[in-house]
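Visitor: Here are the chains, one letter per residue:
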Amino acid sequence: MSDVVSIMLVGVGGQGTVLVTAILSEGLVGAGYDVKMSEVHGMSQRGGSVSTQVRYGRKVHSPIVGVGGADILVAFEKMEALRWLEYLKPKGSLIVNDFEIPSVPVLLGRQAYPRGILEGLAAQAATTVVGARDIAAGIGDTRVMNVVLFGALIETIGLYDIDWDSVIGRLVKPAFLQQNLAAYRAGRRAVARQVRVEEANA
Amino acid sequence: MVSLMSGNEAVARGAYEAGVTYAAAYPGTPSTEILEELARYSAVIAEWAPNEKVAVECALGASIAGGRALAAMKMVGVNVAADPLFSSAYAGVNGGLVIVSADDPGLHSSQNEQDNRLYAPFVKLAMLEPADSQEAKDMVKAAFDISESNDIPVLFRMTTRVCHSRSLVATSPRIAVPPRAYPANLLKFNLVPAMARRHRARLEVRLKQLEAYAETCPFNRVEWNSAEIGIITSGIAYQYAREAFGEEASYLKLGFTHPLPKAKIREFAARVARLYIVEELEPYLENFVRGLGIPCIGKDKIPNMYELNPSIVAGALLGGHAREIESRPAAVPPRPPVLCAGCPHRGFFYELGKYAKRHNLIISGDIGCYALGMNDPLNALDLCICMGAAPSMAHGAQKVLEAGNSGTRTVAVIGDSTFFHTGVPALINAVYNKSNTITCILDNRTTAMTGQQDNPGSGTTLQSEATAAIDIEALVRALGVQNVRVVNPLDLDKMHQALAWGLAAVGPSVIVCKWPCNLKRMSSDESNEYMHGHARLAVAAERCTGCRMCLNVGCPALSFDDDAGKARIDSGACNGCGVCGQVCSWNAVVSEEAAHV
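Same order as they appear, the protein sequences are chains A and B.
The first sequence: position 144 = 1602 (the numbering used here), numbered continuously.
The second sequence: position 368 = 370 (the numbering used here), numbered continuously.
Hints are supplied without guarantee of correctness; some may be wrong.
Here are the simulated SDA-like pairs of lysine to any residue, each with C-alpha atoms no more than 25 Å apart in a straight line [unchecked claim]:
| # | chain 1 | residue 1 | chain 2 | residue 2 |
| --- | --- | --- | --- | --- |
| 1 | B | K356 | B | A333 |
| 2 | B | K356 | A | Q1569 |
| 3 | B | K436 | B | T469 |
| 4 | B | K516 | B | G322 |
| 5 | A | K1631 | B | L6 |
| 6 | B | K356 | A | L1566 |
| 7 | B | K496 | B | N485 |
| 8 | B | K522 | B | A502 |
| 9 | A | K1547 | B | E249 |
| 10 | B | K264 | B | I299 |
| 11 | A | K1517 | B | N227 |
| 12 | A | K1517 | B | A172 |
| 13 | A | K1631 | B | Q454 |
| 14 | B | K568 | A | S1460 |
| 15 | A | K1547 | B | G322 |
| 16 | B | K356 | A | P1563 |
| 17 | A | K1631 | B | M524 |
| 18 | A | K1547 | B | G321 |
| 19 | A | K1549 | A | S1460 |
| 20 | A | K1517 | B | E249 |
| 21 | B | K264 | B | R276 |
| 22 | B | K568 | A | K1547 |
| 23 | A | K1631 | B | I299 |
| 24 | A | K1547 | A | R1646 |
| 25 | B | K568 | A | R1646 |
Just so you know, the hints here were simulated from the structure itself, not pulled from any lab data.
What you are looking at is a predicted structure, and each value in this text was computed from that prediction instead of being measured.
Please construct the entire structure, taking both the sequences and the accompanying hints into account.
Guide: In structure tokens form, the structure reads like this:
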């Protein structure tokens, strides 16, 4: 019916979902798509659970989708994947960062961080697990974890024709450009490798 | 040129293009970026006002003097500004006057969910409601013309998803609008009763004129598709309805929503078999349509609270649910927002919380990051209702407690920006009415929650000019408070002593907890004054006994390594504030260097 693709990015305030959303939107606009994106400001940014959405296609009306409306869900943190999973379409794709950030109730021992999250997610949705923190650490800067996940997203949706290097160059400070480009490439490779493994196993 | 803009940026751009001369606001999510963006245009005077009432009055003055003017605020700010707003409708304008109300359906960052469309008929203003960024820009430009040609302020009503979503906007150059002459008829802006009575009747004439305009206004448009279903909608709800129904329905998309176009609505309703009203929050359109005697389906199906989205609209009106992945988000441990690592409020709340455990206290809070002091493990805030209320609620409570011979004491907690907003009169009241309350002003040298805006105490204007910084201690003393102390809230002993001193004092006392927000971009002077000697901390594993005491400060940089049985500090997050180290009985919190020796 509609050619619109809906991407949802979720994580913890401070993880850099906003930068990824900005890079993605900028590239999509440059490629001639109609784009709408939605971000959350204010109180929840203080280490709370955050979500942003990007929708693109020939003509986009709503900047957000509701439950069961996202084609792709990118979770920057495992527990957040669990929290927002209901927003994914049953046939949608989930990209999840193999990374834990305990929330305050967990830190205080009031509640336990859920176990077996990745196995549970894989049983419910087409799931790609990305070890973005280790990949970013390998690049020498754990802060570029967000752009590793961006690379994983691009490899998953197949938007290869957009010149992402130059979009990243416009939105990232020159001093951090090299590690961000490396992160983007490593994120793409991490997904491409998994796809090849799956094809070989099939 | 076409580029992605948030709704807020688009409002700023539209006002700039419309030749706005003056704009004022008090920061408030989701409206804050409107003035931040306007401040970037050197042709516009853009200012932070201490509160929304002042912002509207300044904008009104600018309009009276002949300039195009704008005031922006979050929806609860309109309550604060309601006094000048109601009367300005009577007086009318000179230069076009636009009041932006940014509503927050879903209460993302707000203490209530009021639907400010209801202000338009109550105040008797013209109202526009954009549905995306391009409309926000186009409508704000039109709003100035509507304001001037109908001699009335325009309420420009947005919502979080319009303010904070980005979509494509085509820009054009600024129109040169020469300031209008100041009107010779001085009675126009002089609402003594005799004049106000005349303006009262004149206002009805102007509203009639606007009613006629609503019928032809291009922002009230029909999209004809199927005649089976007709949908009357406005604002972001249009996008959700459009998404849910596509071309299976016809739409009367209303952008100019006060006064509403009676004939247009009647004509649309007559041509469709079934009429839906899709709107977020209150049945504003629906009540009007029903008042015309037209049957429709609206709030009997669509919730009157929280945000809508395409799934909710489709579920309510089309029936059936989209197939969903089974999940139980309610079972996932919550992730509430927390005070940042290095937040100066942490030391204050830790000590206040300890005090509250041993003494009966009612802690009266206010609007700002420090509302998070209520959360586990700090548990040091009981009340949070509206801006500036902490000292006044504390005063009223203290009087009743004393009248009942209760030993319970009240402590007010208010931020620097909130104190300037409406806290000052509340403290004047405490002095005047002999209050035995303790008011703690958490002076973090910025307006933190909304994203580090300057305020009358910070020494810098919105457009980055140096200005007088109001000295809170001197102000408080000038109000007549005898008991005043300034403390560093990160020094737990001093903080503890100050609270004990304040609670022992007779009459009102004020403790100014002065330390800059950890996120504030500090001047070099501030850096030297506040951050000298701060170094990232680490846990010395050989000393840590695993007692978990440090976790009671609720710092997100601290966690517990279950395998090692020891506390751990995330060095990327720590700013060396030292609160956790003061709580540790084993001196296990040391500088990073010392830990790695």
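Visitor: If a hint holds in the structure, say so; if it does not, say that too.
Guide: How the hints compare with the structure:
1. B:K356 <-> B:A333: Not OK: K356 (chain B) and A333 (chain B) at ~31 Å, beyond 25 Å, violated.
2. B:K356 <-> A:Q1569: OK: K356 (chain B) and Q1569 (chain A) at ~23 Å, within 25 Å.
3. B:K436 <-> B:T469: Violated: K436 (chain B) and T469 (chain B) sit about 34 Å apart, past 25 Å.
4. B:K516 <-> B:G322: Violated. K516 (chain B) to G322 (chain B) sits at ~56 Å, over the 25 Å cutoff.
5. A:K1631 <-> B:L6: Holds. K1631 (chain A) to L6 (chain B) sits at ~20 Å (cutoff 25 Å).
6. B:K356 <-> A:L1566: Roughly 17 Å between the alpha carbons, so the hint for K356 (chain B) and L1566 (chain A) holds.
7. B:K496 <-> B:N485: holds, 16 Å
8. B:K522 <-> B:A502: violated, 30 Å
9. A:K1547 <-> B:E249: holds, 22 Å
10. B:K264 <-> B:I299: holds, 18 Å
11. A:K1517 <-> B:N227: holds, 17 Å
12. A:K1517 <-> B:A172: holds, 16 Å
13. A:K1631 <-> B:Q454: Holds - the C-alpha atoms of Q454 (chain B) and K1631 (chain A) are around 21 Å apart, at most 25 Å.
14. B:K568 <-> A:S1460: violated, 53 Å
15. A:K1547 <-> B:G322: holds, 15 Å
16. B:K356 <-> A:P1563: holds, 19 Å
17. A:K1631 <-> B:M524: Roughly 20 Å separates the two Cα atoms, so the pair holds.
18. A:K1547 <-> B:G321: The given pair, whose Cα atoms are some 18 Å apart, holds under the 25 Å limit.
19. A:K1549 <-> A:S1460: Satisfied, since the Cα-Cα distance of roughly 16 Å is no more than 25 Å.
20. A:K1517 <-> B:E249: holds, 13 Å
21. B:K264 <-> B:R276: holds, 18 Å
22. B:K568 <-> A:K1547: Violated - the C-alpha atoms of K1547 (chain A) and K568 (chain B) are around 42 Å apart, more than 25 Å.
23. A:K1631 <-> B:I299: Cα-Cα ~52 Å, so violated.
24. A:K1547 <-> A:R1646: holds, 23 Å
25. B:K568 <-> A:R1646: violated, 37 Å
Hint compliance for this structure: hints 1, 3, 4, 8, 14, 22, 23, 25 are not met, and every other hint is.
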